[in-house]
Amino acid sequence: MASRKKIQRIRMLAFGFVALVGAVVLVALTFDDTIAFFKSPSEIVAAPPPPEQLLRIGGLVAEGSLVRGEGETVSFDVTDGAATVRVSFTGVLPDLFREGQGVIAEGRMQGGTFAAQEVLAKHDENYIPREVADALKEQGHWQEDAGTGGGS
Amino acid sequence: MIVELGHFALTLALAVALFQAAVPLYGAGRGWVDWMRAAAPAALVQFLLVGIAFAALTHAFVTSDFSLRIVYENSHSLKPALYKFTGTWGNHEGSMLLWVLILALFGGLVAAFGRRLPLGLKARTLSVQAMIAVAFLAFTIFTSNPFERLPQIPLNGRDLNPLLQDIGLAIHPPFLYLGYVGLSMAFSFAVAALIEGRVDATWARWVRPWTLAAWVALTFGIALGSYWAYYELGWGGWWFWDPVENASFMPWLLATALLHSAIVVEKRSSLKVWTILLAILAFSLSLIGTFLVRSGVITSVHAFANDPDRGVFILGILGVAIIGSLTLFAIRAPAMRSEGVFQPVSREAALVFNNLVLAVACAVVFVGTLGPLFREFIDGEKISVGAPFYELAFTPFMVILLLALPVGAMLAWKRASLGAVLARLWWAGAAALAIGGAVWALQEGGALLAPVGIALAAWLILGALTELWERGGFARTGFGGGLRRLAGLPRADWGKWIAHAGLALSAMGIAALTAWETEDIRLAKPGDRIPIGPYVLEFAGVESLPLGAPFAIGQCGNEGERAFKGTEARNFRTEMGRFRLMDGDTQVALMCPEKRDYPVQRMPTTEAAIDSTLARDVYVVLGDRQTDGESWAVRSYHKPLAAWIWLGCLVMGAGGLMSLSDRRFRVGTVAGRPRGKAVAAE
Chain A
1 MASRKKIQRI RMLAFGFVAL VGAVVLVALT FDDTIAFFKS PSEIVAAPPP
51 PEQLLRIGGL VAEGSLVRGE GETVSFDVTD GAATVRVSFT GVLPDLFREG
101 QGVIAEGRMQ GGTFAAQEVL AKHDENYIPR EVADALKEQG HWQEDAGTGG
151 GS
Chain B
1 MIVELGHFAL TLALAVALFQ AAVPLYGAGR GWVDWMRAAA PAALVQFLLV
51 GIAFAALTHA FVTSDFSLRI VYENSHSLKP ALYKFTGTWG NHEGSMLLWV
101 LILALFGGLV AAFGRRLPLG LKARTLSVQA MIAVAFLAFT IFTSNPFERL
151 PQIPLNGRDL NPLLQDIGLA IHPPFLYLGY VGLSMAFSFA VAALIEGRVD
201 ATWARWVRPW TLAAWVALTF GIALGSYWAY YELGWGGWWF WDPVENASFM
251 PWLLATALLH SAIVVEKRSS LKVWTILLAI LAFSLSLIGT FLVRSGVITS
301 VHAFANDPDR GVFILGILGV AIIGSLTLFA IRAPAMRSEG VFQPVSREAA
351 LVFNNLVLAV ACAVVFVGTL GPLFREFIDG EKISVGAPFY ELAFTPFMVI
401 LLLALPVGAM LAWKRASLGA VLARLWWAGA AALAIGGAVW ALQEGGALLA
451 PVGIALAAWL ILGALTELWE RGGFARTGFG GGLRRLAGLP RADWGKWIAH
501 AGLALSAMGI AALTAWETED IRLAKPGDRI PIGPYVLEFA GVESLPLGAP
551 FAIGQCGNEG ERAFKGTEAR NFRTEMGRFR LMDGDTQVAL MCPEKRDYPV
601 QRMPTTEAAI DSTLARDVYV VLGDRQTDGE SWAVRSYHKP LAAWIWLGCL
651 VMGAGGLMSL SDRRFRVGTV AGRPRGKAVA AE
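So the protein lines, in turn, are chains A and B.
Residue numbers for the first sequence follow full-length UniProt numbering, beginning at 1 and rising by one.
Residue numbers for the second sequence follow full-length UniProt numbering, beginning at 1 and rising by one.
Since the hints were derived computationally from the structure, they do not count as laboratory data.
Just so you know, these numbers come straight off a predicted model, no measurement behind them.
Hints are supplied without guarantee of correctness; some may be wrong.
So the derived label-pair ranges between C-beta atoms look like this [as the list claims (entries may be wrong)]:
hint: 1; chain 1: A; residue 1: Lys-6; chain 2: B; residue 2: Phe-8; range: 56 to 64 Å
hint: 2; chain 1: A; residue 1: Gln-110; chain 2: B; residue 2: Val-600; range: 36 to 44 Å
hint: 3; chain 1: A; residue 1: Gly-22; chain 2: B; residue 2: Thr-518; range: 33 to 41 Å
hint: 4; chain 1: B; residue 1: Glu-391; chain 2: A; residue 2: Lys-6; range: 38 to 46 Å
hint: 5; chain 1: A; residue 1: Val-25; chain 2: B; residue 2: Val-600; range: 49 to 57 Å
hint: 6; chain 1: B; residue 1: Ala-112; chain 2: A; residue 2: Gly-22; range: 39 to 47 Å
hint: 7; chain 1: A; residue 1: Glu-52; chain 2: B; residue 2: Glu-630; range: 34 to 42 Å
hint: 8; chain 1: A; residue 1: Phe-17; chain 2: B; residue 2: Asp-200; range: 24 to 32 Å
hint: 9; chain 1: A; residue 1: Val-25; chain 2: B; residue 2: Phe-8; range: 37 to 45 Å
hint: 10; chain 1: B; residue 1: Val-62; chain 2: A; residue 2: Val-24; range: 50 to 58 Å
hint: 11; chain 1: A; residue 1: Gly-112; chain 2: B; residue 2: Glu-630; range: 31 to 39 Å
hint: 12; chain 1: B; residue 1: Glu-391; chain 2: A; residue 2: Phe-17; range: 20 to 28 Å
Example chain A residues on the side facing chain B (calculated, C-beta under 8 Å, incomplete) [what the hints assert, rightly or not]:
hint: 13; residue: Lys-6
hint: 14; residue: Ala-14
hint: 15; residue: Gly-16
hint: 16; residue: Leu-20
hint: 17; residue: Arg-56
Beta carbons: idealized from backbone N, C-alpha and C, even for Gly.
Given these sequences and hints, build the entire structure.
Below is the structure:
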């Protein structure tokens with residue numbers, strides 16, 4: 001009996017091992033192609049990323065930079081104080097998208113502009129995305145009182 | 001006064017929990033019956049005290065007592081009454097109090113209904129439950145005190161986040177917490193069993209109903225949250241693989257595995273060690289979820305506050321609970337003997353397969369959720385992991401699971417023949433393939449996602465029907481006899497079939513929606529016609545409604561809201577679009593998406609208009625008014641079979657409830673009863 005139990009246990013362990021290896025391989029194969037790196041406008045200007053790389057950029061929407069183009073395409077500047085990147089986006093902007101406010105855009109660099117697939121604004125008046133706050137802090141444009149409110 | 005009473009009750013609850021954690025455990029070690037007996041009354045008193053505290057906080061919210069800091073910060077005297085009530089848990093402190101309340105509720109339920117539970121096991125279980133309560137009561141009282149007063153009483157509050165002013169919020173967190181925190185029961189039973197050094201069928205019979213109850217609540221909670229995101233956030237999506245969503249999904253995956261492995265412990269006295277480990281890990285993931293959501297490590301709609309002290313405190317609880325229980329597991333588990341031996345093709349093996357796939361899928365979600373945190377910790381690189389990762393790395397496991405499910409469900413215990421089961425199921429497989437092929441032909445080729453998803457759903461449902469057919473013995477006893485036999489089958493069996501069918505329906509909805517959804521974004525002027533799917537949306541115009549206008553105007557507005565708010569005044573301004581959904585020349589529905597502005601929080605929100613039937617949803621969102629003053633950005637979607645995603649979850653949960661009502665689980669009545677035909681055959 002004991003040996004049958006041992007065989008059963010070895011079988012289960014072997015099977016579990018195979019399942020785990022399968023998962024690790026799957027994760028390793030997909031992880032790098034599907035994740036998005038977060039960059040600040042300064043980092044993008046300093047080292048322009050290749051056009052195939054999926055990125056998130058974050059910063060403040062520069063005052064007076066929002067241009068509504070033909071149809072539903074809009075473009076605006078995202079700045080961290082030191083550098084500015086032009087972003088173009090086709091679609092409906094989120095509720096809390098405003099000039100002078102924090103924003104995150106996900107997409108790819110195409111030529112000199114950032115073609116966004118998705119634009120995320122903050123959830124409420126007090127909240128600034130953590131990545132944006134960090135990017136602004138690095139450039140010394142962070143006002144402590146602006147970020148103290150609770151995110152929602 | 002009532003507030004002070006609540007505060008006092010909460011502090012007293014902490015003292016009772018300390019007593020409940022120490023005395024019964026020590027008594028159980030010494031064999032002192034009186035000390036062990038103290039556990040049950042202590043658990044009931046603890047529940048009563050936390051209940052008083054919660055009632056006091058609710059009272060403060062309903063009466064708009066702005067001398068309380070959290071009422072001031074999260075409520076407003078003009079807020080609709082329903083949201084004053086639900087606002088109690090629409091903030092960090094209140095939601096922690098709800099967490100503790102549900103924890104105490106489960107302890108109280110075990111105390112009240114566990115009369116036949118062996119005294120030692122009961123004492124130790126309640127003691128472990130009380131240790132968790134001590135940690136979270138201390139967390140609530142010392143870092144997140146809901147009863148903190150303001151030195152000066154403000155005239156009015158700052159109002160609740162408008163996104164949370166919704167009927168979905170009223171029921172989503174309580175259900176989610178019932179599930180999340182309910183898993184603490186399985187954890188407490190597991191740790192108690194490790195301390196006792198004994199796991200047997202009786203233990204499994206006790207753990208399963210609690211896990212099942214938690215699982216049902218978690219299923220409903222996740223489905224509600226997903227549906228809330230679908231209609232309230234206005235992005236048209238229903239699942240975003242957001243870390244906070246994953247935080248509830250990971251415990252769900254492991255709880256599902258635990259439900260299935262506990263069956264093996266109960267029936268075959270095998271897989272004991274694994275089941276204990278699953279119970280510990282499932283609740284650990286609940287704790288990790290609480291940490292992710294409540295610490296502000298991850299920003300989302302759920303993270304109310306970013307106070308580093310709180311994060312460190314929860315991390316401490318997390319560390320002690322996980323490291324402590326796993327250490328105990330490492331010491332005690334090797335002594336546990338599994339008796340049942342089974343062949344590689346058997347029901348046990350199939351359930352092991354189910355467990356492995358679910359656990360590995362959970363590990364994938366774990367990597368995707370916590371990977372970015374680790375990555376930033378290691379080299380400072382900030383990354384985000386989104387839907388594409390999960391679609392590639394998670395979905396394959398679900399497909400494998402669905403493929404294997406009908407076969408595994410029909411294998412016999414101990415030793416089975418794969419060939420025989422496949423011979424009974426071949427028609428189901430053939431029919432599912434035919435349905436998939438027909439769907440593929442109907443959509444005129446193209447992507448295989450929808451045909452495969454629908455074929456898998458058909459495979460699951462036809463597999464369950466095959467089992468029904470055989471168990472009813474329709475072939476031998478005729479139709480009437482078969483129905484009578486089916487009606488006499490244990491409810492646990494029915495629960496299994498219903499839950500599996502629910503899974504199939506959800507899978508069908510997900511596949512069809514993902515594959516066939518069509519989207520249209522454009523600038524439209526009143527009078528424009530927007531084709532969407534087989535319909536045309538006629539843009540009739542936009543109406544501005546001021547603050548204070550009654551909720552119920554004409555045929556427009558969110559139906560749920562109108563039902564709950566009736567003639568109450570609006571606490572927001574709104575621009576309400578009017579769209580006629582036309583099928584040829586007939587009007588199918590009037591749809592009124594809104595752009596709202598909540599003045600107290602200075603926050604605009606989007607209210608999508610959804611026309612939902614079993615066959616499809618039409619979803620319309622009103623965007624910004626353009627600078628020309630007359631055209632608007634309009635987004636519209638045609639979403640085939642969307643409703644089935646959530647209906648499937650409801651069916652799954654209903655299956656769980658059906659199983660929970662099985663007489664076997666009328667707690668404790670089973671031990672020693674002769675095993676007759678009522679023994680279920682999952």
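Evaluation of the provided hints:
1. A:Lys-6 x B:Phe-8: 56 to 64 Å: At roughly 59 Å between Cβ atoms, Phe-8 of chain B and Lys-6 of chain A fall inside 56 to 64 Å, so the hint holds.
2. A:Gln-110 x B:Val-600: 36 to 44 Å: 42 Å Cβ-Cβ, so the 36 to 44 Å window holds.
3. A:Gly-22 x B:Thr-518: 33 to 41 Å: 35 Å, holds
4. B:Glu-391 x A:Lys-6: 38 to 46 Å: 40 Å, holds
5. A:Val-25 x B:Val-600: 49 to 57 Å: Holds, at about 52 Å.
6. B:Ala-112 x A:Gly-22: 39 to 47 Å: Cβ of Ala-112 of chain B to Cβ of Gly-22 of chain A: about 45 Å, so the range 39 to 47 Å holds.
7. A:Glu-52 x B:Glu-630: 34 to 42 Å: 41 Å, holds
8. A:Phe-17 x B:Asp-200: 24 to 32 Å: The hinted range 24 to 32 Å holds for Phe-17 of chain A and Asp-200 of chain B, with Cβ atoms some 29 Å apart.
9. A:Val-25 x B:Phe-8: 37 to 45 Å: 57 Å, violated
10. B:Val-62 x A:Val-24: 50 to 58 Å: Distance hint for Val-62 of chain B, Val-24 of chain A holds at roughly 52 Å.
11. A:Gly-112 x B:Glu-630: 31 to 39 Å: Holds, at about 34 Å.
12. B:Glu-391 x A:Phe-17: 20 to 28 Å: 25 Å, holds
13. Lys-6: Where the cut-off is 8 Å and the nearest Cβ of chain B is about 10 Å from Lys-6 of chain A, the hint is violated.
14. Ala-14: It is violated, given that the least Cβ distance between Ala-14 of chain A and chain B is near 11 Å, above 8 Å.
15. Gly-16: Holds, about 5 Å.
16. Leu-20: 6 Å, holds
17. Arg-56: Since the shortest Cβ distance to chain B is 6 Å, the answer is holds.
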